[in-house]
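Here is what each chain is made of, one letter per residue.
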Amino acid sequence: MLSLVLTLAFGLQLSSADASNIPPQKPNVPDGVSALNPGSDLWREVRRRDGVGEFNEVNQGVLVKDLLSEIQRSRQVPQGISQVNQVDSGVMINAKGRRWAAFRMTTLASYSGIALAAIFVIIITFYVVRGKVPIEGGLSGNMVKRFTDYERITHWTLAVVFLLLAITGLILLLGRPLLIPLFGKEAFALLASASKEGHNLFGPLFLVSLIMMLISFARRNIYEKGDLTWLLKGGGLIGKGHASGGFFNMGEKTWYWMVILIGLVISISGLILVSPNFGQGRLIMELMHIVHAVSAMILIVVSVGHMYLGSIGSEGALEGMKTGYVDINWADAHHDRWGKHCHEEDLIVSAEEYARMQGQPADSAEPAMEQGK
Amino acid sequence: MSEQLERGLETLRGEIDNKVKAFFSSCVRCGICAEACLFYTETSDPRYTPIYKTEPLRKLWENEYSFWGKLKSALGMSQAMTEADLADWEELVYDGCSMCGRCSMVCPVGVDISGIIFKVKHGLSQAGFSPEGLVGATQRAVDIGSPMGITLTTVQAMIKHVEADTGLKVPMDVEGADYMALLSSNEIALYPEYLESLVKIFDHAGVSWTLSSDAFEATNAGLQLGDKSIAGQLVQRVVDGAEKLKVKNVISPECGHAYTALRWEGPNFIGKAYPFRVVHILELLDELKAEGRLKTSGQESERLTFHDPCSIVRRGGINAQPRNLLGAISGNFVEMADHGNMNWCCGGGGGVSSNERAHELKLTAFNKKKSQIEATGAEALVTACSNCRTTLEEGVESNEMEIEVLGLTEMIAAHLEERPAS
Amino acid sequence: MIQYLIDGPLWYFSLAVFFIGVVWQLIAVVFTGNKADLSVPRDSAASGAIKTFFSRFVPHREIAPAIMLPVVAGYMFHLGLFALLFFAAPHVVFLEENLLGFGWTPMPHWAFIVAAQFAFFGLIVLWLRRLVNPVSRLISTLDDHIAAILTFVVMLTGCFALLEGSTGLRLLHRFTVELWLIYFPFSALMHTFTFVPSRMLTGAWFGRRGVDA
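Protein chains in written order, with the numbering used here: chain Y, 1 to 373; chain W, 1001 to 1422; chain L, 2001 to 2213.
Just so you know, these hints were derived from the structure itself, not from any lab.
There may be inaccurate statements among the hints.
[As the list claims (entries may be wrong)] To give a feel for the contact side, a few chain W residues facing chain Y, derived at Cβ under 8 Å:
(1) S1044
(2) P1046
(3) E1418
(4) R1419
Yeah, the Cβ is synthetic: ideal placement off N, Cα and C, and Gly gets one too.
Produce the complete structure using the sequences and hints provided.
This is how it looks when you write it as structure tokens:
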């Protein structure tokens, strides 16, 4: 974040200087040639030159479906060859790219913006109506261990990388309508270039942390018998009382598998996008970009909900990811089956013991009772 | 600021040398040292992290030697060290550290953490923040000559018993002897078999030796307290005794901190090199064995394991000798998983065992040793430090473990080859 | 104006602060208050110093399992950063043109990307561990966090400028490097150099006593 802000500040500072430094360029047209519009006919011809049939300005189908069928067709129809000595050598001007570009800049950007705005509105409304979901009887101060250091570091690594990617990704997607009016084109150009490099660089780290996440949490996230009741009770957010759950409840499990599966889709499509040297053509890239963007938007929108529930939305929840310990009353309320297990196995540490393990001297240890009755 | 606090801070200032500067400017607060410390691993209390125990000295260094500290004080923004900065560390440094030095072995940037903790102890002792038990022991050592209040009369009584039991003479105040032996308080009060073993072994090997009536006590409560001037006083007694008898060598008893005090720190405490050599009893026995003067016979069939005394092995460099000696008399010797330079402390070093307040914590820390011993399946636990030995016995007893605790020197004495009658 | 400042005076100022600061600190470590040890050594202090300097690159078998995470992440970060610092193509060119007058073979682009991934991943994990682990959270100082974040920002702006197409991004990277250089001698970043005397002093101490440390 800090770096992005710095980038922007620099961009703003430099944009004026840069603009004044560049001498105005003379159009590169030989004298005596009518420069009115010499290429329009030629251009029209070229657009038809990709050997895939008629260019249809108004395409009626669904973009993704079209892309799929065109990828199919481009493999069958013999192509002419342009000077490009690589994949897509049969494409001289990618006329169809305009449809993808239009989709990206209008449909995708606007729906993404709306979705993002919507989730914030929903959450703020929810917070106003429902407030922080309290623990009945308050917090006891007695704690149980929920996550190891390694598990928390895995979680936060994924979170940090995800946030960096989300922010840079959103700058790239929504920058034109939102940021250019604010900062101007030069500053945004810097920001976008920086974001693109940063985004590409952090992408693979997302996959790595995703795999770490998969290894350390998968077993506890397998669905089991009692999970359906949780769903029927609306996860405890609707109505009174908390819903029953094991170490992870059904909502958490579903979020977990969303992260893993959608995350894998994002990672794979991202890797295809970032390494264009494995024989994929423009059509595949366009398709992958749509997959990448849509799945990422889903994950971003839901992650806002996750962040809310993990922090201000639910009393005592953040503690678990901060220190690795949660209040036993929180465990009983949100994960009653796991809580019961903790009681039976005598895994509860007293408030004093907990304070000690957090490095507070014995005499200053005070149980977190401020919310208790 | 009280006079005592000022004295403590002044002492700490005097402790800031090139090592301290190198150490504090290279520490990156990774916390790896915590995993090496049994007071941390057995309590999960992060305050027992070794480098955290050096905080008073680090704070002083930061305030008065670092760029930011100097800048702050130039701007009048620096916060002076208070009593609390020292008082809060008394428990960490005296109860929660046995000076075992395991942390110093694992630090990736090479900080000798226990070396700095000793410096912190020096400062705290001068500021009056030391445990009563240790201060009392030190006082007795200065006044009476022994931290346990043992006098020459007690020693003479023991000598009488030993002479009666062995039929051999204990040489006392023999001028010009090759070796002058010393005893630790524990060896006088609890383990008279140590002296008995010395008599037998030296008779067997034909060693010219003596005890001194002026300097028989080897322990050094000043070292445990961290008070360097008292530590120097106590070392000086031994040096005077040895010089008076004109001996060539002084034998440090098994006791670990006595060895550190005499062999390594002593010359620095008193500010001059010795006119004699200091040798640890295990070193001497190993030398005698190598020269063929010490011959053993028979082997223990019991499964034995060895507890490395930290001050003798990790911080004393006597690692191979006890293993050579044990190898000669045992046919069934097993090492603990972490042994030698990376052994785990018994929990009673560094004055912890003389500090009654630390009793509970010491027993908690002993859990490490307990699981280590149990993993070997040994029937007897051999060690070579009377302080380790009492701590181990205490731990074994309070955990109701069934294992015998033995001293290495007396085991050697029990296996001496019968000399052909001359 | 800003460009002149960053490419000119601020650059030389930060270099001066860095070099003078580092040398000053090292002199303080090497030359002050080195008390001679009067005890008779059992073994050579010098060989102990050298032994310990190398031995501390690998954790002891007895403690390795407990510290796997910081060791692995630490190596990822330090090796990655080292490769970036000295073998990234733009850095090699920069050092050749501005400081040294000679260059060496830079690493290929793919290696740069891999090194950057290692360095970022290592640094993120180490810094999160600092926040999450009760021990390192307790002992960390403000300086540790500033040093980590500043290094992260320097690396990040470097990657932002990877296309080498924009003066603005290049200047941004250079500016953060300058901040980093100025902060360096007065911070935990000094361990880059002081770990050498630190290990060697301890190694010498153990060496005299005949202990392999």
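Which numbered hints fail: Numbers 3, 4 - these are the hints that the structure violates, sorted from lowest upward.
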